[in-house]
Amino acid sequence: MRYPKRIAAIAALAVSATVALAGCSSSSSGSGDTAAACAPTKGKVTLDFTTWVPGMADVVKLWNDKNPDIQVKVQEGPNGNNGTYKNFFNEVKAGNAPDLGQVEYDALPNFRVQNALADLSACSAVVKAKSDFVDWTWNQVSLGSDKSVYGIPQDSGPMALFYRKDLFEKNGIAVPKTWDEYKEAAKKIRALGGYITNFSQTDINQFAGFVWQAGGQWFANDGKDWTVDLTSSESTKVADYWNGLIKDGLVSTVPAWTDEWNNAYNSGQAWTWNSAVWGANSISSGAPDTAGDWAVAPSPQWSAGDDAAGNWGGSSVVSFTGSKHLYEATKFALWLNTSDEALTALNKAANLYPATKKGLKLPALQQGVDFYGGQKIYDVFAQASSQVKPDFTWGPTMTQTYADVSDGFKGAVSGSGTLTDALKSAQESTIKALKAQSIPVKG
Amino acid sequence: MTAETLIPVPTGQRAEREERRRSRRGYRGTGPKQSPVSRAVAMTVMVVFTLYTLIPLWWLVVASSKSRGQLLTTNGLWFADFNLFKNIGDMLAYGDGIFGRWMLNSILYAGVGGFLATLLAGMCGYALAKYRFRGRETLFNVVLGGVLVPATALALPLFLLFSKVQLTDTIWAVLLPSIVSPFGVYLSRIFAAASVPDELMEAARLDGSGELRTFFTIAVRLMTPALVTVFLFQFVAIWNNFFLPLIMLRSTELFPVTFGLYTWNTQINQVPELRTFVLSGAFLSIIPLVVTFLLLQRYWRNGLGSGSLK
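Chains A and B are the protein sequences, given in the same order. Under the working numbering, the first residue of the first sequence carries the number 1, and numbering increases by one thereafter. Under the working numbering, the first residue of the second sequence carries the number 1001, and numbering increases by one thereafter.
Heads up, a few of these hints could be off.
Stated by the list, open to error - Restricting the straight-line Cα-Cα distance to at most 27 Å, the calculated cross-link-like pairs of lysine-lysine (BS3-like) are:
id	chain 1	residue 1	chain 2	residue 2
1	B	1164	A	73
2	B	1164	A	324
3	A	44	A	73
4	A	358	A	389
5	A	86	B	1164
6	A	389	A	224
7	A	86	A	66
8	A	93	B	1086
9	B	1086	A	348
10	A	165	A	348
11	A	44	A	61
12	A	44	B	1164
Everything labelled a hint here was simulated from the structure, so no lab data went into it. These numbers come from a predicted model, not from an experiment.
Please work from the sequences and hints to get the whole structure.
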């Protein structure tokens, strides 16, 4: 008598488990990318906007006070890779995605291949706004398409060289203008007991910025197939260069964004950081004792006389598949990312660096910064922004690519293999990952 | 007491807790014939584990008393200038005092959720132990199966379900899943079977007490140690449950404190002050847990102890 009961219990469990699993897998993912209509809705509309920009609610209040018919409600979450992207995908699946969401440039292709993004080109105001934005930021959101637009660029991270002006001057070392000079300076600095910089094994998007500056590409999409090119000649050149610095012990390799790392900058052990515009704030918070000692110069170049810059970071504001208020959503998103009022407020609240041409000339960005000895550092970044190569493409599985490159870099830093080896193995694993998701890929 | 300690305890988890319970009482050695060597080894292991548990807490206390500059530049395990109250004040004021809201949310989710879960688990366990009905064992086995399914695995299906009924981003999205505790049902059943004598229920029935009244006036008192245990487990589980709010909640004003602090922590690069706020917030957020434990730990010991006796 007991035996059948137990079987019944197991059967009941099995059934409930199957139901649960089916619940996970059967929900359809998006409904294709037919361009949604962009017509105004009658009456009052309330838009949900999920973002992790601190202080966004204050900026949005400026809009809400003036637009009683289009009210925006801010939902602040953790940053994309720490949960919000996963939530977006779940919500698209469940059909309750917010009207607007923040997505970083390097994550856009991932959302695109899963048909999660609404094509904003249905809205004529969006198409018209193209010329307002710095060219390369627009390419980041059009994803290689002439017609479609999948987001409104929000901020950008053009890169330049932060350096300890006081130490360079005191020791009579010239600020390096090329990567060759950078290596020579590294040797002198090492002889003095310091390191020219710290090589981060985990910030693969910084390394991508170096490759971007060198004119390399990691991915390409011809409208049909993806090409993975982590081992392009430019990419390999950059990897070999940094591998040399690591092997000769000219750069330190402590994990970035840790106390140890902050301390290396705070104590004057690390002298430079080739980083994005938002890094200005990271230094002032991580190395408070060095206030006034820093300055910013354009990034070192691969050949003397060049003027190329890389980019690290930056976000866009997107709408998701099935969005019902595209007209109102894009109207707000364009105000948020092009109006002087909003850009100034965003810069004040979260140090966002605008993606529009006009935004680069904001009064707030024309002032000297005390931490950098009063230098007008944003002039350097505005110049860098205009020098970022326009056509760098991100792949659809960047989280996996970053993780695999990072694993290889960690190995290289601790003595097994080289940075180039790491790129080679990540090249293979990325192609495998694309195939596993049935994304068409060459090779 | 000696009888209790001599009985071998079958499950690893229980044995471990039993061990902790003993060490908290300062109960040295497990019997009269223990050699000094094994005692020394045991002590060393325990001291190591105690330090392992306490040093991070100590670091947190020290770190939350420092200003942002000192955090990076001074010894992590000793005090510099004492800024604890200034940090806490600044932190409470940040974002229109959102942190206070988060603490209240956590107390609401964990307190109400824990209470309801205990009530339901107690009733369910009591019914399974004391009434005979068709499908009783099947029901119990299904509940036991629930113990095996990790809550994390259920979060996504739950999100899709809650989306269907448009309850995501409400307090119900966190509260409803929290009032279910399969382990609580299991513990309550075992405990009710052992501690509520059938004769007592008979006597109550003869005196004209209804079943509900019998449960609330007699059984609940006899089962108190088990119920407190269930409550503590569930309170801590809900307080620390991070994944469910992460998936369910979007509005900042509904966040529990764990998720709120996590969100702050991911914004440190843009707003450096948040670094000290996360620390002083974490410091404040462990206080309710400590208080709950101190108030209820007496019952907790009894609960687990009796469980292993019978």
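Next pair to validate is residue 44 of chain A with residue 1164 of chain B; report whether the Cα-Cα distance is within 27 Å. holds, 25 Å
Does residue 348 of chain A sit within 27 Å of residue 165 of chain A, going by the straight-line distance between their CA atoms? holds, 26 Å
Taking only the CA atoms, is the gap from residue 44 of chain A to residue 73 of chain A under or equal to 27 Å? With Cα atoms ~13 Å apart, residue 44 of chain A and residue 73 of chain A stay inside 27 Å; holds.
Check the hint pairing residue 44 of chain A with residue 61 of chain A against an upper bound of 27 Å on the C-alpha distance. holds, 16 Å
Decide if the proposed pair is consistent with the structure: residue 86 of chain A and residue 1164 of chain B, CA atoms, cutoff 27 Å inclusive. Holds, because 18 Å separates the two Cα atoms, which is no more than 27 Å.
Holds or violated: residue 358 of chain A and residue 389 of chain A, Cα atoms, limit 27 Å. The given pair, whose Cα atoms are some 19 Å apart, holds under the 27 Å limit.
If you draw a straight line from the CA of residue 1086 of chain B to the CA of residue 348 of chain A, is it 27 Å or shorter? Holds, at about 24 Å.
Straight-line alpha-carbon gap residue 86 of chain A to residue 66 of chain A, limit 27 Å: violated, 33 Å
For the pair we were handed, residue 1164 of chain B and residue 324 of chain A, check the Cα-Cα distance against 27 Å. Satisfied, since the Cα-Cα distance of roughly 18 Å is no more than 27 Å.
Pair hint outcome, residue 93 of chain A versus residue 1086 of chain B [Cα-Cα no greater than 27 Å]: violated, 45 Å
Between residue 389 of chain A and residue 224 of chain A, is the straight-line Cα distance small enough, at 27 Å or below? Holds, at about 23 Å.
What's the verdict on residue 1164 of chain B and residue 73 of chain A, does the C-alpha distance respect the 27 Å limit or exceed it? Status holds; Cα separation ~22 Å.
Figure legend: structure checked against the earlier numbered hints; hints not met, in rising order: 7 and 8.
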